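Asker: What follows is each chain in one-letter form.
2 protein chains.
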Amino acid sequence: MNISKQQIIDAHERIKPSIHNTPVLTSKTLNQISGAEIFFKCENVQKIGAFKIRGGMNAVLSLPEEKRKKGIATHSSGNHAQAIAFAAREVRTKAFIVMPDNSPAVKVDAVRAYGAEIFFCEPNQLARESLLQEVVDRTGAEFIHPYNNYAVITGQATCAKELIEEIPYLDFIITPVGGGGLLSGTLLSAHYYSPSTIVYAGEPEGAADALLSIRNNRIEKAPYVKTIADGLLTTLGDKTFSIIKRYVKDILTVSDEEIINAMRLVYERMKLVVEPSGVVPLAALLNHMEIFRGKKVGVIFSGGNVELRKLGEWFA
Amino acid sequence: MNISKQQIIDAHERIKPSIHNTPVLTSKTLNQISGAEIFFKCENVQKIGAFKIRGGMNAVLSLPEEKRKKGIATHSSGNHAQAIAFAAREVRTKAFIVMPDNSPAVKVDAVRAYGAEIFFCEPNQLARESLLQEVVDRTGAEFIHPYNNYAVITGQATCAKELIEEIPYLDFIITPVGGGGLLSGTLLSAHYYSPSTIVYAGEPEGAADALLSIRNNRIEKAPYVKTIADGLLTTLGDKTFSIIKRYVKDILTVSDEEIINAMRLVYERMKLVVEPSGVVPLAALLNHMEIFRGKKVGVIFSGGNVELRKLGEWFA
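Those protein sequences? They're chains D and A, same order as listed. Per this note's numbering, the very first residue in the first sequence carries number 1; after that it's consecutive. Per this note's numbering, the very first residue in the second sequence carries number 1; after that it's consecutive.
Everything labelled a hint here was simulated from the structure, so no lab data went into it. Do not take every clue at face value.
A pair counts as met if it fits within one copy or between any two copies, since identical chains are not told apart.
Stated by the list, open to error - In the BS3-like style, the derived pairs of lysine-lysine whose C-alpha atoms are separated by at most 30 Å in a straight line are: (1) K310 x K245; (2) K69 x K28; (3) K47 x K310; (4) K28 x K47; (5) K94 x K28; (6) K107 x K28; (7) K28 x K70; (8) K296 x K28; (9) K5 x K28; (10) K28 x K310; (11) K310 x K249; (12) K310 x K67; (13) K107 x K310.
Bear in mind the structure is a predicted one, so any value in this text is a computation, not a measurement.
Full structure from sequences and hints, please.
Answerer: And the structure:
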């Protein structure tokens, strides 16, 4: 494996001063509904509102000083953009973020509030990548990929490490899967710290590329893309895929309706704001209760960055 | 004073097995915005989603066995109804709840889920009270008033007791004020446990009866009633008023717009669901930053029971 246990330990020490060791919460109601004993790792109350700060921070802090000082660049319309902007400010360097020009204003504002410079492109992969290349060529900034980067994966691994340290002997852990950074990091921490823990991933039916990739044993695109879980639209990278295909138990898919029902339960019963992508693991558990009944299950609430105006639509 | 320090200690011991010692959270962003150092006591994640369980539980557990076994009765469309239903179930007796027939279905369902018997009346004070009397006459159940009851006030006092035990030397505590149960309990705990702590209450402009009552030194109705903070519509009782007028520093009013802005900050920055009535203390702080700048302030998030379908309206 390309990432060792010691590298995860080092990453955790490196980023600890910049992140929260987020709380692990329980809910009697959700235990009753599911028949499982669930431990929710609340990355929704993490800095920037998502686990992405772990990987972003580790990647930025791992850069040698002479690379770091030229600035950090990335493309993202979501939580990774905030993570890089935050991390760059922490080390007093510049962040250059390429964002699609249809990004929600609230996300653009959040990135700008951390002092990053934003470059808008058309909302497609080609426009993103070519503008990013242009920015990197011009500035000499270091590109940090949102997930297909070992320092990022190692940073994301610290989330499950904290969960396992707080709640040992978990039978299962469930994470969401988008590009696979959190999932592959979780798989590595479970492998090193709790080898008897089985890791599942939850994925939206409307972005089911990871399921197809595992089935076909090669990186695939989703058959179709249509889901409210906007953090999980990306396909796997070669680095994340190689870890995932080796260690993951399976991918459990959920519909948007199941995502909304899970979000409603979390709002009503736990009084927590979790974004659609972030409740996918709970939706997967509730959709496959037969697997988890009577077991101790770690569920990662990966983020809480919701566009508030959408709440009325979802909960109408 | 009619409630001693020892009675608050006894109440706390009595209800501890049935309630959560709720977490005290902080937010760097809200500290930056306000210039104060704020400690949020999160009763939104309390059992039944509100502090009301403290008073309801203490009142029910304080009844002698022969009274308790005939059942508990109350009128409420809100969190007190859930508190009494929950408490009655805990001691294996019946709850009889009079609710206005326009109560939100979600609240009716929650009360029913705890096994209470519900009696619907027309939505006015006279209909409520006469139906309640009828129920009490017929069943012999004990009426527990939502706030004008010393056992209830003593139970509510345990919330500020926990806050002060966790964060000593607070300069201020801010609570909401409706009927005054939480405010008068908080005033007593501050008096006994942290006499240098100054207590303010936040009140909606559209239900400003407590402000008027303090100004005129007698219990007054609000000049007009129109606010989204639906837990704070009631007027003070003689028991709560006598404690409030003696100890409260002042009542700070806030508009519905300020309540919505505070709720938005709490959703976006703290990822917590707090009901409109519950964020009134934070709205009051943000509306009077000059009082609190540079100080340590305890803010009680009193409840989290929100009708989700209203979120879209508020955050449009």
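Asker: For every hint, state whether the structure bears it out.
Answerer: Evaluated hints:
1. With identical chains, the CA atoms of K310 and K245 are never at most 30 Å apart, being 35 Å at best within one copy and 43 Å at best between copies.
2. Taking the closest pair of Cα atoms, K69 and K28 come within 30 Å of each other only across two copies (27 Å); inside a single copy the shortest separation is 49 Å, beyond that limit.
3. In this assembly of identical chains, K47 and K310 lie within 30 Å of each other by CA distance both inside one copy and across copies; the values are 22 Å within and 28 Å between.
4. Taking the closest pair of Cα atoms, K28 and K47 come within 30 Å of each other both inside a single copy (27 Å) and across two copies (10 Å).
5. Only between protomers do K94 and K28 lie at most 30 Å apart by alpha-carbon distance; the minimum there is 22 Å, versus 45 Å within a single protomer.
6. In the homo-oligomer, the alpha carbons of K107 and K28 lie at most 30 Å apart only across protomers (19 Å), although the nearest pairing inside one protomer, at 34 Å, exceeds that limit.
7. Taking identical chains as interchangeable, the C-alpha atoms of K28 and K70 lie at most 30 Å apart only when they sit on different chains, with a minimum of 29 Å there against 50 Å within one chain.
8. In this assembly of identical chains, K296 and K28 lie within 30 Å of each other by CA distance solely inside one copy; the values are 13 Å within and 33 Å between copies.
9. With identical chains, the CA atoms of K5 and K28 are never at most 30 Å apart, being 34 Å at best within one copy and 32 Å at best between copies.
10. In this homomeric assembly, K28 and K310 come within 30 Å of each other (Cα to Cα) both inside a single copy, at 28 Å, and across copies, at 26 Å.
11. Taking the closest pair of Cα atoms, K310 and K249 never come within 30 Å of each other, the shortest separation being 33 Å inside a single copy and 40 Å across copies.
12. Taking the shortest alpha-carbon separations for K310 and K67, neither the intra-copy value of 40 Å nor the inter-copy value of 49 Å comes in at or below 30 Å.
13. Taking CA atoms no more than 30 Å apart as the test, K107 paired with K310 passes in both settings, with 14 Å inside one copy and 23 Å between copies.
Consistency note: the structure conflicts with the earlier hints numbered 1, 9, 11, 12.
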